[in-house]
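Okay, so the sequence shown: first residue is 1 according to the working numbering, each after it adds one.
No lab work stands behind these hints: they were computed from the structure.
A few of these clues could be false.
Said to hold, decoys possible - Derived pair list, reagent style PhoX-like, types lysine-lysine, alpha-carbon separation capped at 25 Å:
#1 K78 - K113
#2 K386 - K373
#3 K163 - K251
#4 K343 - K305
#5 K101 - K47
#6 K274 - K320
#7 K47 - K163
#8 K82 - K113
#9 K147 - K47
#10 K163 - K123
#11 K78 - K111
#12 K305 - K168
#13 K320 - K365
#14 K80 - K147
#15 K251 - K217
#16 K47 - K82
#17 K264 - K305
#18 K124 - K111
#19 K365 - K386
#20 K101 - K113
#21 K264 - K320
#22 K305 - K386
#23 K47 - K78
#24 K124 - K82
#25 K168 - K147
#26 K264 - K343
#27 K343 - K251
#28 K369 - K343
#29 K320 - K373
#30 K324 - K365
#31 K365 - K168
#32 K324 - K251
#33 K74 - K124
To be verified - Have a look at the derived ranges for each label pair, beta carbon to beta carbon:
#34 N58 - P361: 29 to 37 Å
#35 G316 - D76: 42 to 50 Å
#36 G316 - P293: 18 to 26 Å
#37 D140 - R259: 45 to 53 Å
Note that CB positions come from ideal geometry on N, CA and C, so glycine has one too.
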Amino acid sequence: MLRYFFPILLLITFSAFSHAKDCQFDDVTFHSDFSTARLSTCERLAKHEYHIGILPENEPVNPSPWFGFKVQSKTDSKVKIKLTFNGNNPRYLPKLSTNGKDWQNIPFETKGKEMWLSLSIGKKPVWISAQEVIDNQEYDQWLARLKEQRPDLHIETLGPSEKGRPIKAVVKQSPNNDEWLIIVGRQHPPEVTGAMALFAFSEALLLDNTLSNPFFKRFNLLMVPDLNPDGVHTGNWRHNANGVDLNRDWKNFAQAETRLVRDKMASIVQNGGKIVFALDFHSTYHDVFYTMPDDHDLAPLPLMKGWLADLDAETGWVFKTVNKSASSPDRGIFKQYIADHYKVHAVTYEVGDNTNRQLIPYVAKQAAKALVKNLLEVEPDAFYVKQK
1 MLRYFFPILL
11 LITFSAFSHA
21 KDCQFDDVTF
31 HSDFSTARLS
41 TCERLAKHEY
51 HIGILPENEP
61 VNPSPWFGFK
71 VQSKTDSKVK
81 IKLTFNGNNP
91 RYLPKLSTNG
101 KDWQNIPFET
111 KGKEMWLSLS
121 IGKKPVWISA
131 QEVIDNQEYD
141 QWLARLKEQR
151 PDLHIETLGP
161 SEKGRPIKAV
171 VKQSPNNDEW
181 LIIVGRQHPP
191 EVTGAMALFA
201 FSEALLLDNT
211 LSNPFFKRFN
221 LLMVPDLNPD
231 GVHTGNWRHN
241 ANGVDLNRDW
251 KNFAQAETRL
261 VRDKMASIVQ
271 NGGKIVFALD
281 FHSTYHDVFY
291 TMPDDHDLAP
301 LPLMKGWLAD
311 LDAETGWVFK
321 TVNKSASSPD
331 RGIFKQYIAD
341 HYKVHAVTYE
351 VGDNTNRQLI
361 PYVAKQAAKA
371 LVKNLLEVEP
381 DAFYVKQK
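Just need the whole structure built from these sequences, with the hints factored in.
So this is what it looks like as structure tokens:
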């Protein structure tokens, strides 16, 4: 007598916006009960072989599949995990942590659009994530450390996000100064390397006296490091809680997050300030600086080229600056808004997803040094476009 055994496949599906407490198969459990986690479907394929499906927050969406979960077993086991991304290719190289704080790259394989992991697990959970986790709590801790080291900083809440989370800003202002540098970050939740660069750049600017002393004798700073705390918390691929790409909302201002920064900048100008430069930190496949084209009517014209040339000269032995200029007047991009509305330079500072983690802070610190030098060389009236 022949007996046919059909494997029982257990499929558990969760809302893309929710965080399931656990997903259990006999002795193996998957968890998504932490900030930045993203785990949409669970399926057992065979003994110690599982399929984790990752869905975006909504569609259409930029294909930047973020994933994050914990996995553990009642006994020491070796498991294989297949990751799929709603028909998209994987973008990020998987990371593992045993404590949710310290991360290391782990081996993986790809089969078409699938990513496969082989893990040794036990009773203590391990974290698996698309990139190192930098969650909203880490931003709060970082801001507290900055404030401790520079008591003259003002940590201001601009207002609530779409889901009520605070949008926090660092303000460093002198009553004698009216020129402002604007820095924003984390418009797109998965772009962690951009956050790493923002941390290092800002720490150099604020804590290195050789930079901060001359800079703040003349300039003020407004920095919003975590503009999309809702998307960060839920591990979104790209969007905020309403399913909107914030870096396409600087024309319509349909979202609370962009309106808060817009209004803060407007209040600066209404009170006699002058915005002179802006930086927006992001991540992409390679290191690149997205700038405005030379024929855009900005002041002063040579500032961007001087800054990047100085950065290249200092870091050229390990890093090559790539400058890509483009104008996108109808796309609602932050740098375009700054250029069109304030008639000054803005740059999207993009860090490669897989850029060496030792290189990121080095380059960012040198970028801060070069920018301070170039800004200080500009006469105040040169930040105004001359009437033709």
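Here is how each hint holds up against the structure:
For the given pair, K78 sits about 23 Å from K113 by alpha-carbon distance, which is consistent with the 25 Å threshold. Among the hinted pairs, K386 with K373 is consistent with the structure: their alpha-carbon atoms are about 23 Å apart, no more than 25 Å. The straight-line distance between the Cα atoms of K163 and K251 is roughly 21 Å, inside the 25 Å bound, and the hint therefore holds. Of the supplied pair hints, the one linking K343 and K305 holds, its CA atoms being roughly 17 Å apart against a limit of 25 Å.
Distance check on the hinted pair: K101 and K47 sit about 30 Å apart at the alpha-carbon level, beyond 25 Å; violated. Of the pairs offered as hints, the one joining K274 and K320 is violated, with about 32 Å between alpha carbons and a cut-off of 25 Å exceeded. Under the criterion of a C-alpha separation no larger than 25 Å, the hint pairing K47 with K163 is inconsistent with the structure, at around 41 Å. A C-alpha spacing of about 10 Å is found between K82 and K113, which places the hinted pair at or below 25 Å, so the restraint holds.
For the proposed pair K147 and K47, the alpha carbon gap of about 51 Å is over 25 Å, so the pair is violated. With a C-alpha separation of about 35 Å, the suggested pair K163 and K123 falls outside the 25 Å cut-off, and the hint is violated. Restraint check for K78 and K111: satisfied, since their Cα atoms lie roughly 20 Å apart, inside the 25 Å limit. Taking the CA atoms of K305 and K168, the gap is near 31 Å; set against the 25 Å cutoff, the hint is violated.
With a CA separation close to 15 Å, the supplied pair K320 and K365 stays within the 25 Å bound. For the given pair, K80 sits about 45 Å from K147 by alpha-carbon distance, which is inconsistent with the 25 Å threshold. Distance check on the hinted pair: K251 and K217 sit about 33 Å apart at the alpha-carbon level, beyond 25 Å; violated. About 13 Å separates the Cα atoms of K47 and K82, which keeps this hinted pair within 25 Å; it holds.
A C-alpha spacing of about 28 Å is found between K264 and K305, which places the hinted pair above 25 Å, so the restraint is violated. Of the supplied pair hints, the one linking K124 and K111 is violated, its CA atoms being roughly 29 Å apart against a limit of 25 Å. At roughly 32 Å between alpha-carbon atoms, K365 and K386 are farther apart than 25 Å, so this suggested pair is violated. Between K101 and K113 the alpha-carbon distance is near 28 Å, which puts this suggested pair outside the 25 Å criterion.
At most 25 Å may separate the alpha-carbon atoms for a hinted pair to count; K264 and K320 exceed this at roughly 35 Å. For the given pair, K305 sits about 19 Å from K386 by alpha-carbon distance, which is consistent with the 25 Å threshold. Simply put, K47 and K78 have alpha-carbon atoms about 10 Å apart, close enough for the 25 Å limit, and the pair holds. The suggested pairing of K124 with K82 holds, with an alpha-carbon distance near 21 Å, which does not exceed 25 Å.
Among the hinted pairs, K168 with K147 is consistent with the structure: their alpha-carbon atoms are about 13 Å apart, no more than 25 Å. Under the criterion of a C-alpha separation no larger than 25 Å, the hint pairing K264 with K343 is consistent with the structure, at around 17 Å. For the hint pairing K343 with K251, the CA-to-CA distance comes to about 16 Å; that is within 25 Å, so the pair holds. The suggested pairing of K369 with K343 holds, with an alpha-carbon distance near 24 Å, which does not exceed 25 Å.
For the given pair, K320 sits about 19 Å from K373 by alpha-carbon distance, which is consistent with the 25 Å threshold. Distance check on the hinted pair: K324 and K365 sit about 21 Å apart at the alpha-carbon level, within 25 Å; holds. For the suggested pair K365 and K168, the alpha carbons sit about 23 Å apart, so the restraint of at most 25 Å is met. Note on K324 and K251: the hinted pairing holds, with a Cα-Cα distance of about 22 Å set against a maximum of 25 Å.
As the CA atoms of K74 and K124 are separated by approximately 9 Å, the hinted pair is consistent with the 25 Å bound. At roughly 34 Å, the beta-carbon separation of N58 and P361 lies within the given 29 to 37 Å, and the hint holds. Between G316 and D76, the C-beta spacing of about 49 Å keeps the proposed range 42 to 50 Å intact. Between G316 and P293 the beta carbon distance is about 24 Å. The supplied range of 18 to 26 Å therefore holds.
Distance hint check: the CB atoms of D140 and R259 are about 22 Å apart, inconsistent with the given range 45 to 53 Å.
Violation of the numbered hints given earlier is confined to hints 5, 6, 7, 9, 10, 12, 14, 15, 17, 18, 19, 20, 21 and 37; the remaining hints are satisfied by the structure.
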